[in-house]
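One letter stands for each residue in the lines below.
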Amino acid sequence: MNRLGRHLLLSTIVALVSLPFLWMVLASLKEGAEIFREPERWLSTGWQLSNYQRAWRELPLARLYLNSLLVAAVVTLGQLATGALAGYAFARLSFPGRDKLFYLYLGSLALPHQVTLIPSFLILKWLGILDTYYALTVPFLAGPFAAFMMRQAFLEVPQALEDAARIDGCSRFQALFRVFLPLVRPSLVALGLLVFLWQWNSLLWPLVVTQSPGMRTLPVGLAALKSELGPDWPLLLAANTLAALPMLLLFLVAQKAFIQGLAHLEAD
Amino acid sequence: MRAALLALLPTALIFLVFTAFPLVYSVYLSLHDWSFFSPAREFVALENFRKILASPAGRNAFRVTGLYAISSIPLLLVTSLGLALLLQRGRGAALYRAAIFAPAALSPAVTGLIWSWAFEPHSGLINYLLRRIGLWGPNWLADPNWALPALIIATVWQYAGYYMVIFSAGLERIPASYYEAARLEGAGPIRRLFSITLPLLRKTTAFVLVIATINSFQAFGLVYVLTGGGPMDSTNLVVNYLYREAFEFFRLGYASAVGWLLALILVALALVQIRYIGRGSRLREE
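As you go down the protein sequences, you meet chains R and L in turn. Quick note on numbering: this note's numbering labels position 259 of the first sequence as 352, and the sequence is numbered without any gaps. Quick note on numbering: this note's numbering labels position 202 of the second sequence as 382, and the sequence is numbered without any gaps.
Please note: incorrect hints may appear among the correct ones.
What the hints assert, rightly or not - Once the Cα atoms are required to be at most 35 Å apart in a straight line, the calculated DSBU-like pairs of lysine-lysine come out as:
| hint | chain 1 | residue 1 | chain 2 | residue 2 |
| --- | --- | --- | --- | --- |
| 1 | L | K231 | R | K349 |
| 2 | R | K218 | L | K231 |
| 3 | R | K193 | R | K349 |
Claimed, not checked - A few chain R residues that don't get close to chain L, going by computed Cβ distances all over 12 Å:
| hint | residue |
| --- | --- |
| 4 | Q141 |
| 5 | R185 |
| 6 | E249 |
| 7 | L254 |
| 8 | R278 |
| 9 | P279 |
In short, the hints are calculated from the structure, not lab data. Beta carbons: idealized from backbone N, C-alpha and C, even for Gly.
So here's chain R without its partners, still in its complex pose (with noise of 0.2 Å):
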């Protein structure tokens, strides 16, 4: 294939790709009842806003934005910190059976984590949590797939610069905050990027764990406004479309990390 054919392609698999969400963009900007009178002229004949100021105004989408920023970036930290200790533990301390322990919990995620929701949120229910921010963060403080992460990270450490760390009086702590973090910062930034992604997009926990719709976040709000405001489809394309942007802006930006952390996923 020759070059112009190869860009031609490749341009039309992007514009296919970006059409669904183009149509609710444009569909998001038409006057209400323009989008199901006339549906062939896609391009509208006048833009405006209308609906986005209406959504705003209408709908709680800035507690929603709120709660879904403090729950994912509580769960990054969390996995960031809880990940480098037990990841570190794993790969650089020494103590009986350490990694049949580090297989054993890599392999608890091959069971579903569906079979843990219904005791999980019981759980939750006799703590007297449900529907808090507790709920909504704490039992993902920590999960086997940071610990494999960091793992790896600090297998790559070479032993040499442990020990002159060791010579030079660093404990063992010291030794991971002045050596090995500084060292694995790529590994700890596309692990912060993923963990963020997917607790940013979850649903099915924070829908169970949820009761108050102050407590949701964006996608629990989302599919809310789906069976609650029907058919009134230019505010939901329109809130639709700002939901999105956060993590699309976010992507944008961060694409090379993202994208590299996600191949890293699968060389082992």
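Knowing the structure of chain R, use the given hints to seat chain L on it.
Positioned in the frame of chain R, the structure of chain L alone reads:
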């Protein structure tokens, strides 16, 4: 030793409270007849499992999930591998790759709404495109025959780019010297694809297959927002079924059994797939 204990403490706590104990507890629940509202919790042994397999709704959930997996996985494999091959070399690959991957960065809830609109019978994108080529599209999400295909189309749109990235990483690990040697021997592009690229991508393909299987059996967000399991349960995949049994009808024992049945199927499939991969790699060494 003390350092290791301290370092593992937070992870161990979360694991014990939110994974280990729930696993044991859900086995217990799955063997009991328990509704959230009634205090009685009767031991019924495997009765819940029997009920799932005997009830039309339970059987339907597993059947529909199987259909969804069997039709979406090959589509995902072919499109993502095709895209990765197309983007293997050449200018602008990173840019194209990012654009094609972008839907995977969105929440299934967002994707569900995008496609709810795209499948709208009158003003939706899909029927608009079909009209342009002279076809009259169905009322996708309201038609029991077309809702599952609609769900599959949305799934491929969201995740093809994700698996493409994994394939691309696999392709990058194939040494360029292999291709040069093949070219010198006079192998054309088709020959190179079948003699070098595909055999050396075997491990990556197996990995994508395992992940795609897990993901399709656990699909929820897209189902919940796009179709809600309907119409007439035609897209009521297992996890959506479990969610409804547990949190709309509060049949917690029964729903736990659904979860374990799903887990058993996934573990069995993973074992089969891993065995297959193991045999494959042995063959290559010989």
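Hints and how they fare:
1. L:K231 to R:K349: 49 Å, violated
2. R:K218 to L:K231: Status holds; Cα separation ~27 Å.
3. R:K193 to R:K349: 34 Å, holds
4. Q141: Correct as stated: the minimum Cβ-Cβ distance to chain L is 17 Å, above 12 Å.
5. R185: 9 Å, violated
6. E249: 17 Å, holds
7. L254: 18 Å, holds
8. R278: 19 Å, holds
9. P279: The claim stands: P279 of chain R keeps its Cβ more than 12 Å from every Cβ of chain L (closest is about 15 Å).
In summary, the numbered hints that this structure violates are 1, 5.
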